[in-house]
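Novice: Please model the complete structure; the sequences and the hints are all you need to start from.
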Amino acid sequence: MLRSSLKLSGCKKHVDLSSNVEKEDYSLPVFRSNELRVKRDGSSASERVPVLAWLVFVNSIIVVVAFHGKVMEFVSLISPSSASASEERSPYHYHPSSVEKHVLDNLNGLGLTSSTEYADTCAIVRDTRSPVYADLQNYFSELNHYNDLIKDFQPITHDLRELINANEENIEEVCSITKLHSDGLGGIFTSRLVSNSTDAGAMEPLLPTMRSHKMCNNFAKHVMSMDYLVHDFYSMCKKLKRHSKTVFVDMGASLDFHGSESQPAIYINKIYGKFGFNFDHIYAYEITKKEPSNVFELIPAELQASWHWVNVGVDSTPGSKMNPFTTITNHFSPDDFVVVKLDIDTSAVENLLARQLRDDPKLLGLVDQFYFEDHVKQKELKKSWGESAEGSVAESLELMASMREKGVASHYWP
Numbered sequence: 017m018l019r020s021s022l023k024l025s026g027c028k029k030h031v032d033l034s035s036n037v038e039k040e041d042y043s044l045p046v047f048r049s050n051e052l053r054v055k056r057d058g059s060s061a062s063e064r065v066p067v068l069a070w071l072v073f074v075n076s077i078i079v080v081v082a083f084h085g086k087v088m089e090f091v092s093l094i095s096p097s098s099a100s101a102s103e104e105r106s107p108y109h110y111h112p113s114s115v116e117k118h119v120l121d122n123l124n125g126l127g128l129t130s131s132t133e134y135a136d137t138c139a140i141v142r143d144t145r146s147p148v149y150a151d152l153q154n155y156f157s158e159l160n161h162y163n164d165l166i167k168d169f170q171p172i173t174h175d176l177r178e179l180i181n182a183n184e185e186n187i188e189e190v191c192s193i194t195k196l197h198s199d200g201l202g203g204i205f206t207s208r209l210v211s212n213s214t215d216a217g218a219m220e221p222l223l224p225t226m227r228s229h230k231m232c233n234n235f236a237k238h239v240m241s242m243d244y245l246v247h248d249f250y251s252m253c254k255k256l257k258r259h260s261k262t263v264f265v266d267m268g269a270s271l272d273f274h275g276s277e278s279q280p281a282i283y284i285n286k287i288y289g290k291f292g293f294n295f296d297h298i299y300a301y302e303i304t305k306k307e308p309s310n311v312f313e314l315i316p317a318e319l320q321a322s323w324h325w326v327n328v329g330v331d332s333t334p335g336s337k338m339n340p341f342t343t344i345t346n347h348f349s350p351d352d353f354v355v356v357k358l359d360i361d362t363s364a365v366e367n368l369l370a371r372q373l374r375d376d377p378k379l380l381g382l383v384d385q386f387y388f389e390d391h392v393k394q395k396e397l398k399k400s401w402g403e404s405a406e407g408s409v410a411e412s413l414e415l416m417a418s419m420r421e422k423g424v425a426s427h428y429w430p
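Here the numbering used here runs 16 ahead of the position in the sequence shown, where the first position is 1.
It is worth saying that the hints were derived from the structure and are not from the lab.
Small disclaimer: the values here were computed from a predicted structure and weren't measured.
Taking lysine to aspartate or glutamate and the EDC-like style, the derived pairs with C-alpha atoms no more than 20 Å apart in a straight line are: (1) K286 / D164; (2) K254 / E185; (3) K255 / E189; (4) K255 / D175; (5) K399 / E389; (6) K254 / D215.
Here are the computed distance ranges between Cβ atoms for each label pair: (7) E133 / K254: 41 to 51 Å; (8) G203 / Y108: 18 to 28 Å; (9) Q372 / D351: 14 to 24 Å; (10) D168 / E189: 21 to 31 Å; (11) K254 / H161: 17 to 27 Å; (12) D199 / E133: 40 to 50 Å; (13) E133 / E185: 54 to 64 Å; (14) H161 / N234: 14 to 24 Å.
Ideal placement from N, C-alpha and C gives every residue a C-beta, glycine not left out.
Specialist: Okay, here's the thing in structure tokens:
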């Protein structure tokens, strides 16, 4: 521990900050009143004017300045400067796109606040009089280009973590290979209509449709489409470390509902894998009883080593053994890359789990990406969801926006 002590010997002052810090002597000459006198013109030798007080004042200033310098050195030893700290870790910020902000600022005007009436969420896409209609058309055009680039991207054949060297000084070089454009996603979404966070980078704006806008024109063809999602793999990569674990938690993991290749969970795992994010663990929770051999028949070979089939329902009670968030908090750290998908078709349980994530600071620091099919009063999905729908579209949008503001890149799940 650093210590400071003052030793006085006459008028001599020493500053000893610690045995680990070099001692410096700020001693001043000892002036005696009978030795220091100024002779005045025309005066006798006995007529002297003492200036001791003046010299003591000047030398005291020197001592204070020097001592202040040592104090500042002491402070810098125990507390890094705010400038260097900010360089190491910038404060987190979330910047919603202008269209997302328009939606959140006009929830009532857009007819999204009723928890009893089903909201027409395609209205904003079709209404040519909407103040964001032109922006949406520009964004959708750029989104099509983004999806073409995703499709044509040559898969990264190595796990990104294997490419990071021991001191992690080549992280920029490694992460650059995930870029779809030399200028990053900013070079694709030039209209700046994607939302952005300092950690996860660019992501799709939250919209009332809560899935692909293309379902508004052809529901059957596009209701399960994943082409509305925007992932900034470069920004995700910048948070990786050599020792990071990669985890995908799937709540509602039935694979025979959509068929193997068209199963969204398989698709999203393949997209991450294409960009060098290979999951060490995939925890697949499903309440409907399945024959394990049939389940593994549907799992692609490259995912089988990571797949943990948990054929029981999840428990929304915080701290419960069967609450997947308990596993996350007990076994993973902020250095790990954790992705959570929630779609169990039971609103009462889903809502509790989603709000647990939103309200738990520790979980917010562990989960990087969150996908959620929120079963709310949405007109377009009324036939599909039936009586399971609860709550308003507005409540859902505010929930997802809140998670983004707190550091989790939240996306809707189809």
